[in-house]
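Asks: Quick mapping for you: the protein sequence lines, in order, are chains A and B.
Each residue of the first sequence is one higher than the one before, counting from 1 in our numbering.
Each residue of the second sequence is one higher than the one before, counting from 1001 in our numbering.
Calculated directly from the structure, the hints in this document are not laboratory data.
Every residue gets a Cβ at the ideal spot worked out from N, C-alpha and C, and that includes glycine.
Honestly, I wouldn't trust all of these hints.
Claimed, not checked - The calculated EDC-like cross-link candidates involving lysine to aspartate or glutamate, where the alpha carbons are at most 16 angstroms apart (straight line), are: (1) B:Lys1093 x B:Glu1008; (2) B:Lys1093 x B:Glu1067; (3) B:Lys1029 x B:Glu1043; (4) B:Lys1058 x A:Glu83; (5) B:Lys1058 x B:Glu1068; (6) B:Lys1058 x A:Asp87; (7) B:Lys1029 x B:Asp1070; (8) B:Lys1058 x A:Glu37; (9) A:Lys282 x A:Glu79; (10) B:Lys1029 x B:Glu1098; (11) B:Lys1029 x B:Glu1068; (12) A:Lys282 x A:Glu91; (13) B:Lys1029 x A:Asp48; (14) B:Lys1058 x A:Glu79; (15) A:Lys219 x A:Glu133.
To be verified - From the derived model, a few chain B residues whose C-beta atoms are all more than 12 angstroms from chain A: (16) Gly1031; (17) Ala1041; (18) Thr1042; (19) Gly1049; (20) Ser1069; (21) Arg1086; (22) Arg1096; (23) Thr1099; (24) Ala1109.
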Amino acid sequence: MPEGAIRVNPWAPGPVDLSVRVYTWLLSAYPGRFRAEYGHHMAQFFRDVCRRDYDRGGLTGMASLWARTSLDLIRTTVEEHIERGIDMSRESFVRWSGWALMAGAVLFAAGLIIGSFDSFDMDPIGGVDAVYEISQAVGLALGQVLFVIGLLGLRAGYAGRSGSLGAGLLLLAVVAGIVSLGGLLVMNSIEVAWQIWMGGFVAMTLTLAVFGIVAIRRKVFSRWNFAPILAGVGLPLLFGIGIAGVDSVSGQAPEWGSLLAVVMTSVGLILVGYRMQAEAGKTAAPAA
Amino acid sequence: MAEVAQPESFLPLTPAVFHILLALADGEKHGYAIMQEVEGATEGRVQMGPGTLYGSIKRMLAAGLIEESDDRPDPTLDDERRRYYRQTGLGRKVLRMETERMAELMALARRKHVLVGFGSRSILT
């Protein structure tokens, strides 16, 4: 039997039998998932109403029922298709932005690690240092674009279950990510671009770290709710160490500290991105 | 995992959702029984087609206002494939808050003499 089909009572009057068959066929206008879930029940419901109206009003009753049912069918078919479309769009966006966050984390780590091989000896463009520098610039810029997409998806998928504080933090992280990207894009044009880039990045990761506390308290993800904290504390911690002057000679954080911070940030973002793409289907909850 | 929705976030309810919750206030029912209850209670003024009824039921299930019930009031009289629905705790709260909201509106309408007589069938003039 096809989806939504019901066994028509052999003793049902001809018009009822025919109407139920036509209505069952018309159910194919609904989205497949809705039809599979409710098609049978809708056909059964229609059969019950059909029998009642035929008993009460004969063919006139049937005509009135069909007039009402046609309007209902047209309106709710459109509604269900629109709702399905919105759910699908959001689900897809959250899933793909999860992948974007993971890819961004890999590019970010690769860019910084490859860039650290650069001797910064002010050689003219060319040679192996140029490869390092270009790799770093591409990795960081592309990675930052992907971070912004990923954070937008994180907000789209999880703001609703994060409460007003969590939703506000996610918005702040998106804004900070965009500021950081802006700094990268004007790196060769204005003097304070580096500060804008790093300031934005640290704000973005710090905000993520605070969001991680909300995530743990509210169980925002089905697991790994610590991941935003892991993603968020690495670089601010590194800056803290640097400012505190752990390496008393240069005032910079030691190399192992840099590597640890980059790895923590990247692993944290990869874990968040993985949860997003894995849970994308569960983040869409239509309102009643 | 999912956030527990606040009852007030559902207000105001759509007429279909309100009538379905009201129909389920005195026990679980299947779709056709819900429709009969709504038609009976409103003397036929509110009629729900299958698309409206099951579209609303789908959204109400997703929102946690109702849930499916395994109980069958009389299994011998029923097609076992019929689904029965009942209110959840959240659904009861939402219905109560919506009713209170409507009662406040009614009180306001009375104070402004919009209402013609208490218990009038044609409520608003």
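Asks: Compare the structure with each hint and give your call.
Replies: Do the hints match the structure? See the list:
Taken as a hint, the B:Lys1093 and B:Glu1008 pair is honoured in the structure, with Cα atoms around 9 angstroms apart against an allowance of 16 angstroms. For the hint pairing B:Lys1093 with B:Glu1067, the CA-to-CA distance comes to about 14 angstroms; that is within 16 angstroms, so the pair holds. For the hint pairing B:Lys1029 with B:Glu1043, the CA-to-CA distance comes to about 19 angstroms; that exceeds 16 angstroms, so the pair is violated. Between the alpha carbons of B:Lys1058 and A:Glu83 the distance comes to roughly 12 angstroms, so the proposed pair stays at or under 16 angstroms and holds.
The hinted pair formed by B:Lys1058 and B:Glu1068 meets the criterion: a straight-line CA distance of about 11 angstroms does not exceed 16 angstroms. Between the alpha carbons of B:Lys1058 and A:Asp87 the distance comes to roughly 14 angstroms, so the proposed pair stays at or under 16 angstroms and holds. The hinted pair formed by B:Lys1029 and B:Asp1070 meets the criterion: a straight-line CA distance of about 11 angstroms does not exceed 16 angstroms. The suggested pairing of B:Lys1058 with A:Glu37 holds, with an alpha-carbon distance near 9 angstroms, which does not exceed 16 angstroms.
Under the criterion of a C-alpha separation no larger than 16 angstroms, the hint pairing A:Lys282 with A:Glu79 is inconsistent with the structure, at around 21 angstroms. Restraint check: the Cα-Cα separation between B:Lys1029 and B:Glu1098 comes to about 21 angstroms, which exceeds 16 angstroms; the hinted pair is violated. Distance check on the hinted pair: B:Lys1029 and B:Glu1068 sit about 10 angstroms apart at the alpha-carbon level, within 16 angstroms; holds. A distance of roughly 8 angstroms separates the Cα atoms of A:Lys282 and A:Glu91; the hinted pair therefore holds under the 16 angstroms criterion.
Pair hint B:Lys1029 plus A:Asp48 holds up; C-alpha atoms about 15 angstroms apart against a cutoff of 16 angstroms. Of the supplied pair hints, the one linking B:Lys1058 and A:Glu79 holds, its CA atoms being roughly 12 angstroms apart against a limit of 16 angstroms. For the given pair, A:Lys219 sits about 41 angstroms from A:Glu133 by alpha-carbon distance, which is inconsistent with the 16 angstroms threshold. Listed as a non-interface residue, B:Gly1031 fails to keep its Cβ farther than 12 angstroms from every Cβ of chain A; the least gap is roughly 5 angstroms.
Every C-beta of chain A lies more than 12 angstroms from that of B:Ala1041, the closest at about 17 angstroms, which supports listing it as non-interface. With a minimum CB-CB distance of about 15 angstroms to chain A, B:Thr1042 clears the 12 angstroms threshold, and the non-interface call stands. Once the 12 angstroms rule is applied to beta carbons, B:Gly1049 is inconsistent with being away from chain A; the minimum gap is 3 angstroms. The beta carbon of B:Ser1069 sits about 14 angstroms from the closest Cβ of chain A, which is more than 12 angstroms, so the claim that it is off the interface holds.
The Cβ of B:Arg1086 sits about 15 angstroms from the closest Cβ of chain A, beyond the 12 angstroms cut-off, so the non-interface label holds. No beta-carbon of chain A is positioned within 12 angstroms of the beta-carbon of B:Arg1096; the least distance is around 15 angstroms. The non-interface label for B:Thr1099 is consistent with chain A: the shortest C-beta to C-beta separation is roughly 16 angstroms, beyond 12 angstroms. The Cβ of B:Ala1109 sits about 26 angstroms from the closest Cβ of chain A, beyond the 12 angstroms cut-off, so the non-interface label holds.
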